[in-house]
Each structure stands twice: as C-alpha cells, then as structure tokens.
Amino acid sequence: MDALVRISQVTKRYDSDGQPAVDGVSLVLAPGEAVAVMGPSGSGKSTLLNLIAGLDRPTSGTVAVAGERVDQLSETGLARFRRRRIGMIFQFFNLLDDLTVEDNVLLPAQLAGLRRGQARARVDELLAALRIERHRNAYPGRLSGGERQRVAIARALVNRPELLLADEPTGALDTATGEEIGELLLDLNRSGQSLVLVTHNADLAARYARRVVQIVDGRVTSDAASPGLVGVQR
Amino acid sequence: MRAGPVARAAAGGVTRRRVQTVVIGLVLLVSTGASVLAVALLADSRSPFDRAFAAQHGAHLVATIDPARATGAELAATRQLPEVTAAAGPFGEVTVTPKPPGPAAGGLTMPPTTLVGRASPGGPLDNVTLQSGHWAQRPGQLVLASDPNPGSTVLMPIGTRLTVTGAHGRQTLTIVGIGDSVNSSAGGWVMPSEIAKLRAPGAPATAQMLYRFADAGSAAAIRAGVAAVTKALPPGAVTGTESYLAIKTQERSKIGPWVPFVVAFACLGLVMSALIVANVVSGAVVAGYRRIGVLKSIGFSPGQVVAAYTSQTGVPAVAGCLGGVVLGNLLAVPILAKTSNVYGVGALRVPVWVDVAVPLAMCCLTAVAALLPALRAGRLSAVAAIAAGRAPRQGRGYAAHRLLGRLPLPRPVTIGLAAPFARPARAAITLTAVLLGATAVTFAVGLGASLSRVENGISHSATEPVQVFTASAGPGGPGPVHVTRIRSTGPGSAQSGTGHLPTATKAQRAVTAALRTTPGTLRYVGVNAGHTISVAGLSQQVALTAFDGDARWTGYAMISGHWYTGPGQVDVPTGFLTATGKTVGETVTMTFGGRQVTARIVGQVFDTGNNGLTIYTDRRTLGGLAPDQYDIGLRPGVFAVAYAQALSSKLGPAYFVSLNGSLGGHDQGFLIVLTLIGTLTLLLAIVAALGVLNTVVLNTRERVHDLGVFKAVGMTPRQTIAMVVCWVAGTGLLAGVIAVPAGIVLHHNVLPAMAAAANTGLPASFLHVYGAAEIAVLALAGLVIAAAGALLPAGWAASTRTATALRTE
Numbered sequence: 649m650d651a652l653v654r655i656s657q658v659t660k661r662y663d664s665d666g667q668p669a670v671d672g673v674s675l676v677l678a679p680g681e682a683v684a685v686m687g688p689s690g691s692g693k694s695t696l697l698n699l700i701a702g703l704d705r706p707t708s709g710t711v712a713v714a715g716e717r718v719d720q721l722s723e724t725g726l727a728r729f730r731r732r733r734i735g736m737i738f739q740f741f742n743l744l745d746d747l748t749v750e751d752n753v754l755l756p757a758q759l760a761g762l763r764r765g766q767a768r769a770r771v772d773e774l775l776a777a778l779r780i781e782r783h784r785n786a787y788p789g790r791l792s793g794g795e796r797q798r799v800a801i802a803r804a805l806v807n808r809p810e811l812l813l814a815d816e817p818t819g820a821l822d823t824a825t826g827e828e829i830g831e832l833l834l835d836l837n838r839s840g841q842s843l844v845l846v847t848h849n850a851d852l853a854a855r856y857a858r859r860v861v862q863i864v865d866g867r868v869t870s871d872a873a874s875p876g877l878v879g880v881q882r
Numbered sequence: 040m041r042a043g044p045v046a047r048a049a050a051g052g053v054t055r056r057r058v059q060t061v062v063i064g065l066v067l068l069v070s071t072g073a074s075v076l077a078v079a080l081l082a083d084s085r086s087p088f089d090r091a092f093a094a095q096h097g098a099h100l101v102a103t104i105d106p107a108r109a110t111g112a113e114l115a116a117t118r119q120l121p122e123v124t125a126a127a128g129p130f131g132e133v134t135v136t137p138k139p140p141g142p143a144a145g146g147l148t149m150p151p152t153t154l155v156g157r158a159s160p161g162g163p164l165d166n167v168t169l170q171s172g173h174w175a176q177r178p179g180q181l182v183l184a185s186d187p188n189p190g191s192t193v194l195m196p197i198g199t200r201l202t203v204t205g206a207h208g209r210q211t212l213t214i215v216g217i218g219d220s221v222n223s224s225a226g227g228w229v230m231p232s233e234i235a236k237l238r239a240p241g242a243p244a245t246a247q248m249l250y251r252f253a254d255a256g257s258a259a260a261i262r263a264g265v266a267a268v269t270k271a272l273p274p275g276a277v278t279g280t281e282s283y284l285a286i287k288t289q290e291r292s293k294i295g296p297w298v299p300f301v302v303a304f305a306c307l308g309l310v311m312s313a314l315i316v317a318n319v320v321s322g323a324v325v326a327g328y329r330r331i332g333v334l335k336s337i338g339f340s341p342g343q344v345v346a347a348y349t350s351q352t353g354v355p356a357v358a359g360c361l362g363g364v365v366l367g368n369l370l371a372v373p374i375l376a377k378t379s380n381v382y383g384v385g386a387l388r389v390p391v392w393v394d395v396a397v398p399l400a401m402c403c404l405t406a407v408a409a410l411l412p413a414l415r416a417g418r419l420s421a422v423a424a425i426a427a428g429r430a431p432r433q434g435r436g437y438a439a440h441r442l443l444g445r446l447p448l449p450r451p452v453t454i455g456l457a458a459p460f461a462r463p464a465r466a467a468i469t470l471t472a473v474l475l476g477a478t479a480v481t482f483a484v485g486l487g488a489s490l491s492r493v494e495n496g497i498s499h500s501a502t503e504p505v506q507v508f509t510a511s512a513g514p515g516g517p518g519p520v521h522v523t524r525i526r527s528t529g530p531g532s533a534q535s536g537t538g539h540l541p542t543a544t545k546a547q548r549a550v551t552a553a554l555r556t557t558p559g560t561l562r563y564v565g566v567n568a569g570h571t572i573s574v575a576g577l578s579q580q581v582a583l584t585a586f587d588g589d590a591r592w593t594g595y596a597m598i599s600g601h602w603y604t605g606p607g608q609v610d611v612p613t614g615f616l617t618a619t620g621k622t623v624g625e626t627v628t629m630t631f632g633g634r635q636v637t638a639r640i641v642g643q644v645f646d647t648g649n650n651g652l653t654i655y656t657d658r659r660t661l662g663g664l665a666p667d668q669y670d671i672g673l674r675p676g677v678f679a680v681a682y683a684q685a686l687s688s689k690l691g692p693a694y695f696v697s698l699n700g701s702l703g704g705h706d707q708g709f710l711i712v713l714t715l716i717g718t719l720t721l722l723l724a725i726v727a728a729l730g731v732l733n734t735v736v737l738n739t740r741e742r743v744h745d746l747g748v749f750k751a752v753g754m755t756p757r758q759t760i761a762m763v764v765c766w767v768a769g770t771g772l773l774a775g776v777i778a779v780p781a782g783i784v785l786h787h788n789v790l791p792a793m794a795a796a797a798n799t800g801l802p803a804s805f806l807h808v809y810g811a812a813e814i815a816v817l818a819l820a821g822l823v824i825a826a827a828g829a830l831l832p833a834g835w836a837a838s839t840r841t842a843t844a845l846r847t848e
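Read top to bottom, the protein sequences are chains A and B.
Throughout the first sequence, residue numbering follows the working numbering, covering 649 to 882 in sequence.
Throughout the second sequence, residue numbering follows the working numbering, covering 40 to 848 in sequence.
Looking at chain A on its own, in the form it has when it is part of the complex:
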C-alpha cells in the first residue's frame, strides 16, 4: 500500500548553531492509521506535526503527503494543500472569536471555493454528527472547552481531508471532556480517517492510537504498535 505520509531524514533548525528541533527523522504513515507522536515538552513533536501540515518548512529532508512534496510547495501551494488534504486540531482550539460556530466551520470550505449550498449541507452534517447543532449561531467565547474542540474538529473535517492532525487535542480540557474528544477521534479513525495525534499523555496515546512514535530531543527513539490496541477489532 502507498504511504499517505512519507518523511525522510527531515531536520528542522530554528537556530543555525543550536540544537535542531527535529533531527533526521524518517517516518512512514499508511492510510487509515492512527499514530500518536509522544515525547516530553520541547522534544519536537509539535514541530514534526507542523512540518507534515506545511505550517513550517524543514531545514533539510523531504516531506510527502499523499504523494505531494510538501517541502517544495510555495506558500499558495501549501495553503491549497492544507485545504484539500489536511484538517488541523489545536490544543487551544484556535477558533475565530468574531465568527459564529457555523461561520468558523464554514471557513475552510469558503476559502476552498465550495459552492454555498454544498458547504452549508456539509456543515449541517458535521454539526449534527458532533452534537453541536444548537450552538450554530453562538460565538466560541460562550462555549465550553469540549464544545469548542468539537467545533474545531468540525472545521477540520469540513473539506473531507485525507489526514487529520491533532496537536494535544485534550491538553486544555478536563479529564472527562478529554475522554469524550478522544473517543470522537477514535470513532473517526474507525471510519477510515487517518490520524496523527501529538500528545505527552501516554494513556491517551495508548487508548486512541494504533502506533506510538516516541520522540526525544528531536529524534525518534521508538516506533511501535500501541500496547493499548491489543485485542481491538478492526
């Protein structure tokens, strides 16, 4: 099977004479996989995610997603790439406070030029699936953390991306809400959504990912099946 994500000897330095944030990392992700990238603070896991999403550029090495060389795209190309192929979920949600829930979710579809009717139908579908229909006209400032993260997930899914990237998606949530969001992501993966999850929470990684990649000081120290998936039916 062709890899969905292929990262080859990628290094990212922010400082020419400092320690690289990501140091010679190589990684292959298959379609439909749920992979957790784990490591302590400052290990480079968020940087790796940013490189896959095209939010940042590697200093050296190659990054390919769905056969597309992300490291070679222009800024316009990266924006279009993210619209088509990537959905991003952030720890602190990154919703736009002056847009309603509906407008936040609609935004990527509008930027991609999707027809108004089509976009609204997709938004309706996602709001219903994520059980936030009643908050359609609310502003993010009025929602709880869990509700905001659901809105962020809906926004990430509106253009049917091939790959969902989640950077500490439960980091700003309480345990119970975090578990709800975790289950949500698991359900998405079960339905075929490829997922890369960055977390420093081993329990989260074990429960919601099939494979765990450990990163320490910018280097992959281990890449193995998640112990928590033993016995899970696919």
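Everything labelled a hint here was simulated from the structure, so no lab data went into it.
You may find that some hints are simply not true.
[What the hints assert, rightly or not] Residues of chain A clear of chain B, computed beta-carbon distances all greater than 12 Å:
| # | residue |
| --- | --- |
| 1 | GLN720 |
| 2 | ASP746 |
| 3 | ASP751 |
| 4 | THR869 |
[Said to hold, decoys possible] Simulated restraints, written as ranges between beta carbons of each label pair:
| # | chain 1 | residue 1 | chain 2 | residue 2 | range |
| --- | --- | --- | --- | --- | --- |
| 5 | A | ARG732 | B | ALA811 | 41 to 51 Å |
| 6 | A | GLY690 | B | ARG840 | 16 to 26 Å |
| 7 | B | VAL784 | A | ARG784 | 43 to 53 Å |
Positions of the beta carbon are idealized from the N, C-alpha and C atoms, including for glycine.
Starting from the structure of chain A, add chain B where the hints point.
Just chain B now, kept in the frame of chain A:
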C-alpha cells in the same frame, strides 16, 4: 553603569517592535516635513513682499539721474541727507531693444529693456537674488530679470544670445543668470563697463541711484524724500523716480489671488499631520497594553510604566522630527522658490523659528498622544491591562461579520470589510486621515482645472495665440507716432515701439491682406487698444479696447450679462464696476477726443489686467477708431510659432508679430502653480497613506494569531492580502465618497476667495469644473490612498510563517 529598568524596558520596546518604531519615525518624519513646509508657506504668505523687501534690503526709491547734471561727489553727498538712511549707486543705466536668436523666437523682438551696470548682486540696497546661473563676470554677459517685461512672450533660458545695437554697432549679450530684484529696478544687469558700449549712438547717458529713507511709510513720506534728494542735486539731475509703494501695490495684487490657495493647503497639511501623529503614537501605546500589564505584574510602578512607554515612542519620534526638519527644508527650497516666482518676490526662506517651533510642537504632540493612553494603562491593574491588550472588546463587530458574511463576495473580502467595526475609534481616525487626503486630491483636481480656465481667460492664448501690432493713427489722422500699449498683465500683452510707421489705413490693408493669404488663419479681428479714456466718476484713466468686427470668439469669459452686440454697448471687468459703483444694465459716460459718449454696460467680463479699469466695446461706439492690432485665431493643428514666423516674414519689420502665451503653450507662472498644487497634494496623500499603514500594522500585530489560523485552514497569500487590504478598503471608499463633496465645497470657497483677493468675479464656468466622470473617479481617491497604505503590511501579513503566527498569543 547599568541602564535602569525603565530605560531597559523602553530600549527593549524600541528594538523588539522594529516595525512600529520605523512607522512612528516615518510618520513623524513626513508629518514634520509637511508641517515645516506648511508653516513656512503660511508664514511666507503673510506679507511676502514686506519680508522679501526687508531680506533683500529693498530701496524705498529708485531714481534715474542725468549724470551730465550731477557729479559723483554731488550724488555721494545725497547719502548724508537727514532723510536718507542708506544709498547705493550711481549705477550706469541704458535702455536697449534686444533681439533674441531668430529660430528660437520666430524672428520676434523684445520690447525695450533697461539694463543696469552692477559689479555684484549684493550691496547696501536692492540685493538681486539669483534664481539660476551666475552673475555677469565678463563683458558680453547678462543677468536677465526673471520677468523683464510683463507680457514677455519669448522663453529665454541661460545660454540664450541676444543681439543689441550699441555704440559700436551690433553686440551680443549672453544670458548667464536669471535674477530677481524686489524693486524690479532693471530688466537685466551687466558689468558696469558694458553700459557705455551698449548705449545707442546719440542716446543720453543715465544712471540709477537707490535710496532708503528714515520715513517711508506713505506716499507723502516718499514724496518728501524725493523732494529732499531733488533739492540737494542740481536742477534737472533727477529725471525719474519709482517708489517701492507702487511696486508693493502691484505685487500685492499679483500675490493676493494665490494666498488663499496656499493657506488652504497649508492648513490641510497641518491638521492632517497632527491627526496622523496622534493616531499613530496613541495607537502604538494602546497596542502595548498587554506588555504594560506584564511589566506591572513583575513589579513596574505606574510611573515607571508611563515613563517606559513615553520614552519608547519618544525615541523614534524625536529622530523622525529631526529628520522631518531636514526633509521640510529640502522640500521648501524648490517649493518656496516656485512660490516666490508666483508671488513675484525675490526669495522666500523657511524662517528659523519654523525650524524650531514645528519639531518642538510635534514632540509635544507625540508626548501628549503617548502620555494619555500610557497614564490610563498605568492606572489599570496588571490583569486588566493584559486583558485590554488582547483582542478588541468582545461583541464588537459581530453583527457586521454576520451581515457582511451574507454578501455574495469572496470570504476574505467580507471578513476584511467587517474588521473596522471591531475598533470603531481607530477606524474613525483612519477615516478622517483618508478623508483629508482625498479632499486634498479633489480640491487639487478642481483647482488645476479652474486655474487652467483662469489662465486662458487672462491670456486668451488658446483662442487668439497670435497678435499683430501696428501703429494707431487715432482719431484725426495719420502720421508717425510714439506708441505705448498697455494691456492686461498676462503674457503677450506689452509692446511698445517708436519710429516712422505706415499710416493707419495702409497698415490695415497690409495686415488684412497678409492675414488672408497666410495659411492657417481661421479668423481675426482688428482691435484698437492704444488709448485711454476718461470715465465720469473716476480720477484714473481707463484703458479702451475697441474691436472692429465680431470679437465674441476672442475668449473673454462672461461673469454676468453678455458680450456687446453692437455700438453703444460696453463690457467691463469687475474692477471697473467696483471703482465706479455701477452694475450691469447701467450707463457709463466716457470722454474721448473731446466728445462725451454714453453707453450701456451689458456685461461683466473676466479680466484682471490694469486693476480691471478697462472698457471693451465696438469701435463705432467712440467714433470709428482704426485698429492698431489684430488678434488672430488659427485653424486646428496649425503651430503658432511657424505661423507667426510666416506672417512676420510677409509683413516685415514695421509690424510686431507677437505670440500670445509662452512657447510651451502655458504661462510659466501657471505651470509653477500647477507644480505647487501637485507637490502639496502628493505630500498630503502620503501622510494619509502613512496613517493607513499605521492602522494596518497595528491591526496586523493584534490579529497575528488570527492570521495564523486563517492560513492554517487554507487561506492563500493572495487571499490574505485581499483580506488585509479590505480592513481599510471600506473605510477608504467611504472617505472618498465624503471627500468629493468636501473637496468641491473647499474649491467653491477658496476659488472665489482667490478671485476676491484679485478684485474680480468669476465666471460660473471657472467654478463648475467637476463633471460626472471626474466625480466618479475622484470618489475612488480614498480607496486608492487606503489600498496604497495597506499593501505593504498586507504583504508582510501574507508572508508571515503560519507556525510562527500560531505561536503568538
């Protein structure tokens, strides 16, 4: 010695916020520069003649002396008279009739010009200001006055070689400099040794003496001074005098029309500069509220916070102010030079007090603009300051986003258009800045169009580009006559000549025959403009212009009433109506050639020459005056210079063929004023655009995290630029729409004020210059200014790394 915490905080703010530091410095630079220029223009527009007179040590009296009757010792003794405080001279003087080189001037002749012999431009009195070139240093060199003869029709740049007939035959004078005398004491200057050589054989020697008197405040005081000098010299030594008061009156009427326009632009510039500086500086401090909160949370006292932030804005502001003084003076050199040309005074400078007062005022304005928000932040708690420094108050702009989101426009555009509603105060200041800039543009466009019509209304160069002057026999018979013509002060007007000339009838036949047979003639009309008449109720003589035939096409714009339709009707300028107290429809009684003639005033015509004391009529009104000149209209596409050369060749040297207007097609003064308008408008537009730049930079910094989110969900750089430009595009468009009527109102107020200062009315056509097409384009001026100011920071926003933007809190 370690810098204190305040200095370190201020230094950190300056170096970390490089863009803001540069924007503050740039805004202060341009605003201070524009303000220096504006205040200098205002200061110099207040009695420019008086200040130029003082600066150039003007003479109260220019006296023409017969050196055959007064010795050098006797002339020197007049310096000791109790009435005299300073004297200069005697300077040799000669009157010549220069002939420019044939092809450059179409074989035309300059009127007689007085040249004075001076070894240098300086001296105790009447310093000549050199506009270009250098003083005459060798025989054969000439410094020409910038306006040697009002009505000079020929361009004479430096290097032009003029031919004069002097004591030893034909001589060549090369123009090496152009100078200005506040006394208009000569048409040009040569080395003293040249005077005798340039004098025509048999012409008497004359000399020039210059005097300043202890009391010269009135015509009576000047007359007393003249009497004292005349009495101190042998009888007949003083052959002519000219008082500075006459020059001052002339200059005032010349300067008067331009002062309202200069004042309007200067005031606009000052208001805009102050507004932009206040907006930029206060915005910079408000944008730092979060940092202020952080500083307070680590122990800064309110006083230390205020000091840090006023210092942080003060450093680039002071640098910008100092640079602005330099910029203002650099701009002032050419602009004040042009203004001095327009005003007709020797030299205008930036007064020293302007160079001190303006930057001081800007620094004070900066300090107040920084202090007020800094004091507010100092009073807030750390938490409140941090919260205030985050995104705009919640709830602001939400409705605008909802409404605009429904429009069938690209999403980045609707998001951008809704942004100003989140910061209404900042949007209002930006609106005002753009409004003022766009108003200046609208005003300038209208002013330029109106002045073009004024220029043509004065010169008639578009309608009658060529004129032929003959001798006028006047009523009663033919004969060689001395002819002196005085027309309006526009170009192409003053000519004089002496000598034996064809009789009136023969001249008419010759000219009309030549006009009929010269290709390019469209139409012509004979004019008698060589007489003055008495008018009941006026002590001064009134110039008469009597046309032989249909003269409606000659280009006299009507202010009211209509052009005469036959004998017994006259048209007059505003000055005549003011002087006589008459109105259109009333009769006027004229005395000419011993006869009294009454005619009806049927129209008020636009004409500023001769202080408006002119009467236009059919020649049959006053008994059939023979034409002494012909005004000629040309067929489209015919070049005036070539036509004039052909006509001059046909007519020969007995006739003066004159080009009406400069060879470039516009009066030089008009072109200078257009340049002034263009420069001032551009400055104001730049200041407005800088205000927009600052707004967008502040918005971009505040919303950098949101920009990261937009880019993360797929906004391309082009969409980002569109969104950021739309942050101010709506404001700019609104400002432009308001600016059009504001600029038109300003135009409709300033232009009549200019006309009133010149003692004339204005034809309606000179005011109604804004057509539908112009208005539609001008309405976009605000949008253009806003977009221009937003493009640079929009580009920065588009190029910001997404990951970096997302990390920003």
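message = For a quick check of understanding: which of the numbered hints are violated here, in increasing order?
response = Hints 2, 3 are the ones this structure does not satisfy, whereas the remaining hints hold.
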